[in-house]
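J.: Top line first, the protein sequences correspond to chains A, B and C. Numbered according to numbering that gives the first Met the number 0, the first sequence terminates at residue 390, and the numbering increases by one at each position without gaps. Numbered according to numbering that gives the first Met the number 0, the second sequence terminates at residue 260, and the numbering increases by one at each position without gaps. Numbered according to numbering that gives the first Met the number 0, the third sequence terminates at residue 304, and the numbering increases by one at each position without gaps.
Keep in mind that the hints were calculated from the coordinates and are not lab data. A quick note: this is a predicted structure, and the numbers were derived from the prediction, not measured. Glycine included, each C-beta is placed from N, C-alpha and C at the ideal position. Check each hint, because a few of them may be wrong.
Claimed, not checked - Okay, the calculated beta carbon distance ranges per label pair: (1) A:Trp200 <-> C:Ser8: 29 to 39 angstroms; (2) B:Arg12 <-> C:Val223: 49 to 59 angstroms; (3) B:Arg12 <-> A:Ala243: 51 to 61 angstroms; (4) C:Ser126 <-> A:Tyr96: 18 to 28 angstroms.
Stated by the list, open to error - Some chain A residues well away from chain C (every beta-carbon gap over 10 angstroms; in silico): (5) Ala12; (6) Ile19; (7) Gln40; (8) Leu45; (9) Val50; (10) Leu69; (11) Thr76; (12) Leu118; (13) Thr201; (14) Ala282; (15) Val307; (16) Ser308; (17) Tyr358; (18) Phe363; (19) Gln381.
Each chain, letter by letter, is given below.
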Amino acid sequence: MGLSASPAAPGAAAAAAFTILSQLCGAAFLYVLLKADGSWQVMGLLALLGVGFFLLERFPGIGEFITASLTRVPLVTAATAAIIVLGFPFVVGSNTYILHLLIVAQLYAVLALALNFQLGSANIPNFATGASYGIGAYVSALLALNFGMSFWLTLPIAALAATLFGFIIGIPSMRTRDTYLALVTIAFGVVVQQLLNNFDWTGGPNGLVGIPAPSLFGHSFASPLQVFGWKLPSQANFYYLAAALVVVAVVTAQRLHGSRIGLAWNALRADEIAAKAQGINVAWYKVLAFAVDAFLAAFAGTIYAFYVSYISPDNFTFLVSVTIMTMVIVGGMDNIFGVIVGAFLLTILPEKLRAFSDYRLLFFGVVVIGFLMIRPQGLFPQRLRQYGVHR
Amino acid sequence: MSALLRVENVTMRFGGLVALNDVTFSVKKGSVLAVIGPNGAGKSTLFNVVTGVYKPTAGRMTFDGADITSKPSYEVVRRGIARTFQSSRLFSDLSVLDNVIIGMHTRTKTGVLDALFRPGASRREMAACVEKAEALLQAGSGDLYEQRNRPAGTLAQADRRRLEIARALASQPKLILLDEPSVGMDDKETDALVADIKRLRSGHPELSVILIEHDMRVVGAFPEHVMCIDYGSRIAEGSFETVRANPRVQEAYLGKAAAHA
Amino acid sequence: MTELFVQQSVNWITLGSIYALLAIGFSLIFGVLNVIHFSHGDVAMTAPFIALALVQALAVALGASGPVWLVLATIAAVIAVGLIGAVLDKVVIRRFREAPAMMALVATVALGIVIRELIRHLYPQGSNPHAFPRLVSGVAFEITGVSVSWFALLVVGLTTLLVALLFVFLRLTPLGLRIRAASEDRVVARMMGIRDGRVFRATFFIASAIGAIAGLLFASYAGVTRFDFGVMAGLLGFSAAVIGGLGSMPGAIAGGLIIAGIEVLAQTFVPDGASYRLVFVFILVIVVLVFRPAGLLGRTIMEKV
Numbered sequence: 000m001g002l003s004a005s006p007a008a009p010g011a012a013a014a015a016a017f018t019i020l021s022q023l024c025g026a027a028f029l030y031v032l033l034k035a036d037g038s039w040q041v042m043g044l045l046a047l048l049g050v051g052f053f054l055l056e057r058f059p060g061i062g063e064f065i066t067a068s069l070t071r072v073p074l075v076t077a078a079t080a081a082i083i084v085l086g087f088p089f090v091v092g093s094n095t096y097i098l099h100l101l102i103v104a105q106l107y108a109v110l111a112l113a114l115n116f117q118l119g120s121a122n123i124p125n126f127a128t129g130a131s132y133g134i135g136a137y138v139s140a141l142l143a144l145n146f147g148m149s150f151w152l153t154l155p156i157a158a159l160a161a162t163l164f165g166f167i168i169g170i171p172s173m174r175t176r177d178t179y180l181a182l183v184t185i186a187f188g189v190v191v192q193q194l195l196n197n198f199d200w201t202g203g204p205n206g207l208v209g210i211p212a213p214s215l216f217g218h219s220f221a222s223p224l225q226v227f228g229w230k231l232p233s234q235a236n237f238y239y240l241a242a243a244l245v246v247v248a249v250v251t252a253q254r255l256h257g258s259r260i261g262l263a264w265n266a267l268r269a270d271e272i273a274a275k276a277q278g279i280n281v282a283w284y285k286v287l288a289f290a291v292d293a294f295l296a297a298f299a300g301t302i303y304a305f306y307v308s309y310i311s312p313d314n315f316t317f318l319v320s321v322t323i324m325t326m327v328i329v330g331g332m333d334n335i336f337g338v339i340v341g342a343f344l345l346t347i348l349p350e351k352l353r354a355f356s357d358y359r360l361l362f363f364g365v366v367v368i369g370f371l372m373i374r375p376q377g378l379f380p381q382r383l384r385q386y387g388v389h390r
Numbered sequence: 000m001s002a003l004l005r006v007e008n009v010t011m012r013f014g015g016l017v018a019l020n021d022v023t024f025s026v027k028k029g030s031v032l033a034v035i036g037p038n039g040a041g042k043s044t045l046f047n048v049v050t051g052v053y054k055p056t057a058g059r060m061t062f063d064g065a066d067i068t069s070k071p072s073y074e075v076v077r078r079g080i081a082r083t084f085q086s087s088r089l090f091s092d093l094s095v096l097d098n099v100i101i102g103m104h105t106r107t108k109t110g111v112l113d114a115l116f117r118p119g120a121s122r123r124e125m126a127a128c129v130e131k132a133e134a135l136l137q138a139g140s141g142d143l144y145e146q147r148n149r150p151a152g153t154l155a156q157a158d159r160r161r162l163e164i165a166r167a168l169a170s171q172p173k174l175i176l177l178d179e180p181s182v183g184m185d186d187k188e189t190d191a192l193v194a195d196i197k198r199l200r201s202g203h204p205e206l207s208v209i210l211i212e213h214d215m216r217v218v219g220a221f222p223e224h225v226m227c228i229d230y231g232s233r234i235a236e237g238s239f240e241t242v243r244a245n246p247r248v249q250e251a252y253l254g255k256a257a258a259h260a
Numbered sequence: 000m001t002e003l004f005v006q007q008s009v010n011w012i013t014l015g016s017i018y019a020l021l022a023i024g025f026s027l028i029f030g031v032l033n034v035i036h037f038s039h040g041d042v043a044m045t046a047p048f049i050a051l052a053l054v055q056a057l058a059v060a061l062g063a064s065g066p067v068w069l070v071l072a073t074i075a076a077v078i079a080v081g082l083i084g085a086v087l088d089k090v091v092i093r094r095f096r097e098a099p100a101m102m103a104l105v106a107t108v109a110l111g112i113v114i115r116e117l118i119r120h121l122y123p124q125g126s127n128p129h130a131f132p133r134l135v136s137g138v139a140f141e142i143t144g145v146s147v148s149w150f151a152l153l154v155v156g157l158t159t160l161l162v163a164l165l166f167v168f169l170r171l172t173p174l175g176l177r178i179r180a181a182s183e184d185r186v187v188a189r190m191m192g193i194r195d196g197r198v199f200r201a202t203f204f205i206a207s208a209i210g211a212i213a214g215l216l217f218a219s220y221a222g223v224t225r226f227d228f229g230v231m232a233g234l235l236g237f238s239a240a241v242i243g244g245l246g247s248m249p250g251a252i253a254g255g256l257i258i259a260g261i262e263v264l265a266q267t268f269v270p271d272g273a274s275y276r277l278v279f280v281f282i283l284v285i286v287v288l289v290f291r292p293a294g295l296l297g298r299t300i301m302e303k304v
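Sequences and hints are given; from them, build the entire structure.
T.: Spelled out as structure tokens, the structure:
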């Protein structure tokens with residue numbers, strides 16, 4: 000068994016060393032990118048990234064070696080990742096702008112992971128993830144503002160409300176497909192956004208203001224975080240909260256992907272009729288994908304609402320849904336790591352291109368089109384499942 | 000022995016087109032029924048109706064004592080009917096092993112909450128599936144087992160057909176429907192296929208098979224029960240010898256002029 | 000009451016004609032290329048800007064102004080937009096023909112962003128709304144006290160004319176027949192030796208030019224144009240095409256009339272209906288697709304098993 004895995008399978012010690020090193024490199028790159036100022040630096044880093052992906056494409060052995068190392072020592076991988084995520088705010092220090100970017104990037108990572116169940120695993124279009132995100136944000140904000148409910152209580156309620164919405168948009172998916180289904184989800188997205196924009200009790204176009212910061216064990220998230228004598232800005236609270244949500248999303252994604260549910264989604268992506276012939280209740284699995292997507296998106300929405308303390312319908316437009324779709328496609332459909340990278344890149348890069356501030360959207364559009372032409376499979380294409388590598 | 004599948008007066012219309020016309024037959028437990036007939040006679044439609052892909056316009060079907068008329072596909076598969084497709088429909092971007100594991104869908108039961116909150120149970124279930132799937136891949140002819148980690152889309156034609164059969168068997172069916180399994184196989188591979196089916200039957204004496212075939216060598220290997228369909232109607236049924244001698248069958252295959260010559 | 004009814008009917012048919020013209024473009028392109036060209040609305044809405052720019056350029060260069068020049072400028076804009084469509088097809092959209100439907104959808108959404116942003120940056124003060132003149136003015140006639148403008152007649156007449164021309168073109172000319180053949184069955188069409196490239200180019204030119212006319216009429220109807228009108232124009236035109244049944248010409252016209260009808264009804268009879276009109280329109284889209292998944296006049300394609 001061991002021999003068939005890969006000719007380049009590293010030993011445990013080498014794998015551990017390599018795992019730690021490669022993750023530190025990744026973190027360092029992210030840090031430099033976040034710190035980068037001025038278009039030349041950003042361009043240079045982008046070029047570096049391009050060279051990296053070119054090498055990965057040219058020599059597929061590198062990528063295999065990295066993934067082989069990471070999966071060879073899963074505990075080391077997880078521990079290194081945990082230390083990097085926990086330690087990042089300490090390195091960033093008091094730079095609240097970088098923390099803000101990281102919070103938004105992490106929330107988008109959750110949204111992209113949520114959509115990935117549908118778009119990546121099951122190839123079901125959904126242009127309404129932005130609406131689920133908005134429903135999560137509005138439900139929790141309304142509960143907090145009108146009933147003084149605590150953040151921790153609104154979190155599950157908002158998620159349930161959005162899941163219900165997910166089931167409702169999922170129902171037409173039993174009867175419509177592809178382009179037609181895409182339009183149904185677009186329609187749902189527009190309806191939700193227009194209703195938020197028009198109802199009085201949602202604040203209309205002005206939205207909701209003054210959403211109170213959450214608190215945990217008497218510590219308000221609006222106040223700075225003190226750890227072992229270190230003082231981190233208040234954004235650090237939300238950074239850790241968002242990081243926890245990313246962990247939840249990743250674990251959810253991994254567990255579903257590795258179970259018969261992930262396989263059933265993949266089956267209906269590959270061939271719906273053949274999937275039916277294997278006894279898969281195709282309609283149910285489609286609706287389920289919508290529900291899971293909405294559930295996770297609502298968590299992200301709730302955290303967003305309490306973080307910025309001000310939400311309006313403009314935060315949850317069709318364009319937001321398209322951006323999330325783009326993150327999944329650019330990162331790599333059905334590849335958890337790729338989707339997160341896609342979310343980070345597409346959140347941070349436009350922000351970093353402030354030099355062209357007015358041309359940001361144009362740049363975004365051109366990059367997306369070019370990317371879809373040159374590398375439609377995404378930065379990190381989906382991988383075949385491997386069983387029993389450690390046997 | 001009692002009938003496992005009973006199809007009574009089934010008619011299937013698509014608009015004005017009658018694809019199946021008042022078809023009646025039954026399959027006994029542990030037996031093989033070979034269905035023959037010219038192209039477009041309605042053989043594949045028959046499979047689609049039995050497996051719930053199409054709802055019949057009229058008629059009734061019972062399987063293993065229960066009514067399966069108009070039941071959805073997943074229900075039919077769960078009750079024990081598995082099938083292959085004429086143009087092998089594999090999950091081509093998934094590995095060979097995953098294709099077989101998906102075939103076990105109705106025999107596994109992890110739900111979303113189980114997968115999320117009882118990961119151990121979910122993992123054990125998958126491990127058991129992997130083991131069973133590997134055994135199934137080793138059982139047939141060819142070297143599917145050695146290719147188990149390849150994407151199914153990269154398999155050679157004969158291996159694709161073998162994999163479809165392995166995937167169908169993974170659902171532990173009582174009845175398996177094979178739609179022209181020998182298409183795209185050379186003589187040697189066809190012989191191996193016949194041997195596979197025979198080995199399968201001796202290993203599972205209870206398993207029934209319905210076989211759509213054009214290759215008369217394959218039909219000849221299972222001569223006990225043969226049915227011929229033409230223009231959606233059953234025109235002959237019986238042993239291979241009697242069906243082959245039936246003038247209407249010869250007419251259907253060779254055309255009127257030749258049959259009367 | 001009759002007054003209101005007649006007034007709203009005129010509104011309905013005017014708006015419905017414009018939506019129908021947009022929907023025809025979506026339907027034509029989908030029929031031939033099997034690709035949803037989501038930026039079709041944005042392509043169409045470049046026409047008013049091109050016409051305005053031409054009018055101003057003419058005024059500066061020749062000192063000419065007046066209705067004749069406006070008409071010339073709009074005709075030039077229609078042709079220019081047709082060419083833009085053909086170029087976009089060659090450079091971008093054709094590459095997504097064989098790709099999964101989702102890729103084409105996302106790519107053309109991005110293309111829409113690019114087109115909008117280009118208008119915004121290239122046109123002087125492109126972020127602001129710009130007044131657009133009525134192509135014709137004055138009252139044609141009155142019924143039951145309601146005056147029907149020449150403009151309404153122009154919209155309806157032009158739409159009827161274009162639909163008739165398109166019908167004749169698709170049925171009687173060699174190129175039209177090839178377009179129809181390609182939309183019926185692409186593989187067969189290719190086997191019969193129909194050169195895809197020309198058929199695609201022609202389809203895009205025609206669809207975009209018709210879209211341009213819709214865009215000009217819409218800007219003229221609203222009296223104003225803005226760089227981001229294309230989003231709604233695209234969504235409404237796409238919805239009309241899908242409700243009617245993608246690939247069906249009569250479906251596109253029916254879809255356009257239905258959507259305009261819902262909008263007008265909502266504005267007339269529902270209190271505060273104007274702000275909820277999109278809600279009604281898109282709820283209708285959902286309902287139609289749930290009950291008729293291939294649209295009202297679309298063919299339900301049963302997948303061969």
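J.: Out of the numbered hints, which ones does the structure contradict?
T.: 12, 17 and 18
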